[in-house]
Structure formats: structure tokens, C-alpha cells
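Here the protein sequences come in this chain order: A and B. Under this note's numbering, read the first sequence as residues 82 to 1079, first letter to last. Under this note's numbering, read the second sequence as residues 23 to 111, first letter to last.
Treat the hints as calculated values from the structure; they're not laboratory data. As the structure is a prediction and not an experimental result, all values here were calculated from the model.
Heads up, incomplete: computed chain B residues facing chain A, CB under 10 Å, no partners named: (1) Met23; (2) Leu33; (3) Glu54; (4) Ser58; (5) Val65; (6) Tyr66; (7) Arg86; (8) Thr97; (9) His98; (10) Glu99; (11) Ile100; (12) Thr107.
Derived Cβ-Cβ restraints for the label pairs, each shown as a range: (13) B:Thr97 with A:Ser622: 15 to 25 Å; (14) B:Gln36 with A:Arg667: 16 to 26 Å; (15) A:Arg667 with B:Ser40: 19 to 29 Å; (16) A:Ser722 with B:Arg86: 47 to 57 Å; (17) B:Asp62 with A:Pro1015: 21 to 31 Å; (18) A:Lys108 with B:Gln36: 45 to 55 Å; (19) A:Ser722 with B:Ser40: 40 to 50 Å; (20) A:Asp240 with B:Thr97: 36 to 46 Å; (21) B:Ala83 with A:Pro884: 23 to 33 Å.
Note that the Cβ used here is the ideal one computed from N, Cα and C, for glycine as well.
The lines below spell out each chain.
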Amino acid sequence: MSQPFRLNKEGLINRKKKISFTFNGKKLFGYEGDTIASALIANGIHLVGRSFKYHRPRGFFGAGVEEPNAKLQVEFNGHSEPNVNATEMELVEGLSATSQNCWPSVNFDIGAINNFLKMFFPAGFYYKTFMWPKSFWYKIYEPFIRKAAGLGVASIEKDKERYEHKFEYCDLLVTGSGPSGLASAYAAAKNGAKVILAEDKPRFGGTLLTDDVSIDNLSGKDWAEKIITELKSMPNVTVKNRSQVFGYYDHNMLVMFERVSDHLEKKSKFTPRQRLWYIRAKETILSTGSIERPIVFGNNDTPGIFLSAAAKEYMKVYGVLVGKKPLIFTNNDSAYETALEFKKNNVEPIILDTRKEHSSELIDEAKSKGIDIRFSHGVIVANGYKKVKSAKIGKLNKDKNSFEKIETVDCDCICVSGFWTPSVHLASQSGNKLKYEEKIDAFIPDKKKQHETSVGAANGLFTLEESLKHGFENGSNLSAKITETKTEISIPNVNEKKYGAHDKFWCMPLPKNENPKRFVDFQNDVSVSDIEIALREGYRSIEHVKRYTTLGMATDQGRTSNLNGLQLVSNIENKIVPEVGHTTFRPPFTPITIGTIVGREVGMEYMPTRKTPMHEWHEKNNAVFVDAGAWKRPRYYKQGSETLFEASKREAKNVRENVGICDVTTLGKIDIKGPDAAEFLNRVYTNAWMKLPVGKARYGLMLREDGIVMDDGTTTRISENHYHMTTTTAQAANVLSHLEYYLQIVWPELNVNVVSTTEQWAGAAIAGPKSRDMLSKLYPELDVSNDALPFMGYKEAEFFGVPSRIFRISFSGELAYEINVKSDHGMFMWEKMMEVGKEFGNQPYGTEALSTLRIEMGHVAGPELDGRTIPSDVSLNGLVSKKKDFIGKNSLGREAFNVESRQKIVGLIPIDRKSSIPEGSHIVQDQNAKLPNPKLGHVSSSCWSVENNNPFSLAIMKDGKNMIGKKFFAVSPLKNKSIEVEVISSHYVDPEGKRVRS
Amino acid sequence: MLYIKCPYCGLRAQKEFSYGGDATVKRPNINEEVSSEDWDNFVYMRKSPRGKHIELWQHIAGCRQWIKVQRDTATHEIFQTAKVTEEIR
Ligand SMILES: [Zn+2]
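Start from the sequences, fold in the hints, and give me the full structure.
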């Protein structure tokens, strides 16, 4: 097993550790420190995928985050992940990578026929073709596009990995560890600032790892290592590799994606796979560097064509040659460094330079080394289908729009450089508007919008000397403002090669009668002709051109294509680039896994679970739970093979006939104290509260200012200035905020305090005709007669030695009591009640039976108080005081609330006395009427009346009070049911309310 | 995510707060006559400015105080925060 393209010595990989992996089933090996890309190239493999639209063969183009092509389906550590960037993913033992978007194989792909049918796939193809007829969309077009367009395959397995979120605060966040980033972090750290330095790659140093420079007589790589070592040793500095800051949000919050263990062969059970960092930074240094731009030419997507800096990185970092017969195609000096690196490794490159013959430090060095340099030359078209075999090159005329000479040269790779584009994504995300810098033909950050400062190449400073100085100065000044300490640092001596000026040349012309595809955006298969078509068809705004052609809309966010696209538009339109403008950058900068976004908030950890003190008892006694907000409430207690319907009927019936107990701990409880508490309640509730005596409870109704019912519940006067309010389970938090709003903002003069006591009390309701008998056994010392403890009465007494509160209130409509004890005594109370209640036929009942009991009594709850009903709609107008003012009172006079045909609560029973009416059914006059069938109301709550042994529902119905006795249909298209119903009173059982007072 | 300075607790993340609308709206006095127009204005009519806006937030996962925040609705810049008893100038 030899690696034909691996150099003998070069590189930062660990040659002592071989790593085996497979690619499309083929067994291969690489070394520790390789990426999938570098290992494949070392093995001479370039064809890795097929393109999105035309299924053209594609290879590697970059060596990192800029890669547009090499997205693989990768299986490792037991999971399969699509769209993995092969140039970023580190090799791990046993990894298996496969090509995407090809069938049956990457070498023979049926979809490639699109390439020969490309006249059918121009820009806007989807918009134009799949418009008509409309009915074709769902059945034919959409499935076809989905099948053809899918890149990778998302796993449908449960993700077993662990993901974490982390919240961090710092003085200075530095995004990128190239020269300017290292300098900034170092200067800030020396000033005592709390610094986080984030590097996307596994290795720190950025371009210092690949550029032939020296700093203070150290090589770039050694200097970077020295600085990083020192930073790591400082307690005020956090240094993170494999960490991509991908989003810049409001108020200087940045989000970072850390690949914690994807590169590890083994890890402990609790090591997360990836971690999401929310970092609130006082200042941010954006040292994100720059990305090389290609020059556009014919068939420039053929495998074997690389960015020239990527080719250099493969040699210097991975010890890998991207080819042995390289053609270097450039408009600037930086590609000469790549050529010199080839030469150093005994490979003979040919340089094609679009500029006229001239001289610079690098050109002179290349010349002196005997490298073949051809000025005013460029690549016209690459030859070879699955790999570059040769190139047709041309000598450009003076205007660079036609050729003086055309010839074909053999080559096995083409390294292209069209100068550099600062990575301004994060700056743009921060709200910075960006400005066009003529000198480098690219956008750089403009005026700050947040606390962000772009340094070095990210700010268009391309020499090492400028970059370092910029980094040191900004790192020092920004941190000194925070720490008020300034440590002088001498800026190191730099040795680097001086670059000449670049050529403003971005796209090769084509000779007459030749028409190969010239790609601008590789990942989305957008070519020069697509952009031409968009402009010809009248698209002018760059945002529209982007959407019509999909230029820059792939996951690489147009890192290598945006500026070439802009240059092209500006050339055709005869505008300058800043007039064309740029499209908006949005997070995330690179794709991140859904798992990281979710973090630990999955399954049970998705939200907190609130359990009552009696939860364990319910569990042991076969309770089936239902979620009530975050609470778990027993829905019913299953006996044997009972269904929900059977069990809830049994439980409800037992309450009507004997006695039942229900865990009501989840009800919201608010303690209200203060000399003005009565006045406050009088304003909050619609009914009168000034005269409620100590030791009495009252049912209260509260409205929003718009007159809509907000909540209901009982409030008890515990002592002179102390009230105990209950709210519904669902509205507890809202009611507390509501009360706090009025006390803090509207009526601060009221001397009242409110605090939630929901968690402090455990509650149990005892309901049924035998509840008083049971109560007297629970409180043998206490007089619980109707006279001593009447309806709405309140007493405090010891419950088997434990302090307790007894409220005579009822939700079920039966004679009932509610006992509260401190939460810690909840289980004790419950078990005692079960024991004592035995002789009375006591059974626990859940929320389903509770609903049945309240529905057949016509008591309203959440489904009726749905944010659309006023008191009279739900027959609660008796609770609305005419004498006093209260929250929402003025709204009740509104015309629409007072029309004769206003909606009102009614009861419904099915004519056949058998068919249950689905909740949510619409009430209509004629079940066969043409749609839209006028809706007269809706069914809000349904139950099986245990009292009358037939279905019963509550409904909110237009002109409800005049509908009693009439017949309608309750229609539920969802359940495919239509039931004939009769309208009756909403109080189906005990309409006079005798039982609660008995 | 916004970073809001609670006048009682200091700088806290937005997720600790809940939004409460325009802070300049004044409820008509209780027990006093109010015209339908004034009442409707209080209940329903709100300006939706692009730019500076004084609004209420409640520090629900903190001190539970309602506070005033002056925020730019377009850029989310927060200029000032204050207790509800204080004025924002
Ligand atoms: Zn606070």
C-alpha cells in the first residue's frame, strides 16, 4: 500500500500513526492529522462527487472551509452524516466515506445525462418549467426535484451522541488564530483581559503554517507555536481549536460550534460530540482572514483543479502533492509561492500569469529557480472528464478579450489564483454595512455597528507586517479600555516577500465557436451563461440575480463565487462593483449539526417536569399521566384492562355516588398580603371583594383590559390582611405577572405584596355525597357540619398532627372540600386519605373524570375561557359588578359584546343519545350545505355524562340563548363525523347547585 | 439574544425577561369616567415606531420587577433601562 502522491518528509501529520478508512468501499489509509481530502489526494483519488444540477464529476477545490465540491456521506463512530466537508473532517480509524448525488456510482452516474441536456437546465429552469399546470406540482414535479436534488441522506436513526451548550462571557473574543488573531489575543492577554481565542482548524496559526515568512527569526509556524503555548499557560485565556464562530447576533453575542470529539477514536461516555458556545463578548476581534478567489475559465470544475493556496497547504501541512505536472494560473504573486513549493519538492510547474511581463521579488525568485513562466497567458479550457489531462492555454491580446496564440499543454492539475477575498461574513452579520475597497477589489468592513473590529486580512491587510501590527494594536487598545492596564509590547521584526500588484482579471474569454461551461458557483452549478441569462431576462438587483440563478445560495455561502459573480454582473452591466452591491451574509457561516443546536434539550430534558408530592403514589397505582404545562397529572387510574373511557366513567360515577379524591396540587396559588389587599382584589376581580369576612372563600373572575375573561378561581381570606388566591393550572404564571404589573406600574400606591406559593402547598380535593363523612373521620376533633363549615367556608386544623387548611369549595359540583398541607406532608396526607376513605368507597380520580364532572355541571374551564369569551358568553355575568370599577370593565360596554345574537354557552346532546360529539366540531344548520357552510358555533368540551348515561357537550354558539330546544348538526371533518344534536341548557346536572350546599 | 440591564440585577440575557409592550401608555384612573375613545386608545392603539421605543419588560426569571427599556426597534440597540418609577429621558 503506497501513497503515490505523499511526499517523503514535508507536512505536520503524524507519520507514525496510520489510520485506515474506506472510500466508496475501497480500503485506504492515511495518517493521523490528515483530513479525508488530504488522505484521498495522497492516494491519487480526485473524483469524489457529482455536481448538484448537471451531475458533473467533481473533485477537491480547496483545503478547508472554502470547499464547494467535496461533500461526502460519512459514517464514523456509529453514525452516518451527510454533506460532510472532506477538506475539514479529520480522519478517524474506521471511518467510511461515500460520494453523494450519484447513482449507481460516482464513476458512472445516470444523472450525468443532465450535463448533455444542459440546454434544458439554464438559470431559472425550475421557475419556468414547473409553473404549469398547477396540479402537476405535488404529484410529478416536486417528487422529481426532490429525488434529483437530494445531496446526502439524513439518518433516520435516533442520535445517540451527546451535545452540549455552554454560556461564556469574556472581554475579548478573537475569531481566528492567524497572525493578526494571535497578535490581538496576545496583546489583550498581556493587558489582563479575559480572552477567548477560537480557531476553526485543528492547528493554530492560519497562514503562518504555510507561508514562507519569519518573525523574530522564527519560522511562522514556530512563532505561532510559541505564542499559543504562552497563551495556553495564562489563566485569563481560553484557547480553542476545532471551534468555528459561525454567528454574530445582537448585543455582541456570538455563537461558536466546537467539534469536541469527532476526531477521537475513543472517548468517555460523557464526552460530548459537539458543543455550542454562546459567548457574550465585550469586544470582538474578527481575524477571520481571507479566502482565495478563482479565475473563471472553461470546464474549471474538472477534478484536479485547485485553488493555488490549497495546493500549497496540501504540500506544507499534509505532505501531499495535488499533482505532478502542475499548471499554475494566476493574476497575482501569491501563486508563485505555490510554484516555488512545487519546485522545492522536485516538481516542475508552468506558471501562466495574466499580467504582462514584469518583475517582483517573487517573480524574480521563480525565474532564478528556472521555473517556466508565461506572461499574458491563461487557461482557456481544461481537458479531461474525470480528471484534468491537459489544458488549452492562450496568449491574451492587449485588451485581454481575445487570443494571439492558442496551444495545448499536458498537465495533471491546475492551481488557480484570482487574488484574495477578505472573510467579512461575521462583520456583515454584526450589522456592518461593508464597503468596497478598490485596491483589493473586494469588500471590507465599514463603520462598526456593534463592538467588532476586523483585523489583518479580514480587513484587507494582506502583508504579514501590516497584519501583525494591526492585530497587536487593536488587541492592546480594545482590551486596555476594559482592563485599564496597558502593557507595552514591541512589534516583532518580520521577514516576508514583497508582492507586486495583482491584475484586475477574473474571467477568461472564450475563442469563437467554443462554448464549454465556465462555472462561477460550483456547489450550485451556476455558470457564466446562467448569470448572462438572468441579466438578459431583466434581473438587475443582485439579490434577484442571486435568487434566480441560485448563485452563492449553497452551503458554502458563495465563499469562492460571490465576488466573481459580482465582477461578471458589473462587467456586463457596465457598472462598478459597489454600484451592484453585495448580498447579505447570514448565519451560520458553516453548516452545523441539528444535534448541536438542540444540545441536551431532548426527551426528558426538553423542558422541566413538575411532579406533585404525591406523584410516586400515582405511579404505583397505575396512573396514566397527562401533561398540564410542565406538570404531570394523573389522567386516570387504570384498573385491569380498562380503557380511558371506562376508567374515567368509573371514577366520575364514584364521585357522584360515594367519594373520590383528586390531586389538585397543580392549581396556581398566590399569597396576597397587605392592608390594601381587599381593595386590590376588588379591582382585579369583576365581583365585589370588600366585604368578604375572614375565614371565607369566594369565587372570582378576572378579565383582561379588553373585557375577555382571563382566569377564574377561588380566593380565601386567611386573616385580616392575608388572602390565598387560586388560579387555573395553565394561567398561574400569567396571573402572577398580571398582578405584579398592576401593583408595580398602575397602582403602586396600593400596599400589597404577591408571591407564588404553588410549590409550597400540596392539595387534595375530596368530592362526593360521602365527603363530609370522610372529612369528619379525617378531623375527628373538628365540627365539620354544614353550619360550622358551610359552602365557601374555610378552617385551619391539624391533620393527624400536621397543620392544614380546609376549604369548602367544589369544582365537581358535588359536596366537596379541598385540603392543603405543606408540600412535604403531601404524601402523608394522601395516604392517610386513602386509608381513612376506604369505608366510604373512596377512589382516586384523574383529570378525565374531573372534566366529566365539571362539564355535565356546566362549569366552564380552559376550553370555554379561550381568550375569546366575555363573562356573559359563559353565563358568568352574575359575577360582574355593576357598582364598582375593575380591570376590563369599560370594555364590556362595547357594542359587539352586547348585541342580541352574541355567542353564548349552551349544552348539546346527540339525538340518538349514543354518539359522542368530537371536541372542536362545528355546529351547522345543514350538514349537506355547500362549502363554506356557515358556522353557528363550536363544541368546546365533551364528556359522557355519568349522571344521565349519555354523551353531553358544552358549546359556544351564536345567539345561544335563543337556540335552546333547536336541532343542529355537529360536524367534524377531521374525524369524518356529523352528529345530529339538540341544544339544551349548559347546566345538565343539578342546575340549582343544591349539592355543593348540601 | 438581547442583553438587558435590569436596574435591580444588572446585565442579564433576554431569555430571563418577558416583553410587556409600550411603557408610555397610561391606564385611565380606576373609578373615574373615561370616554370610549380614550379607553379604546388605551386598550388597542399603539404606535409601532421604527427607532427609539420605550417599553416594558419583566424580569420574570430574576427579581420579577417590571422595568423600562429604551430600545431601537430596528437595530435592537438599548440606550437606557430604568425602574418603572423612574423617567427615561
Ligand atoms: Zn432583575
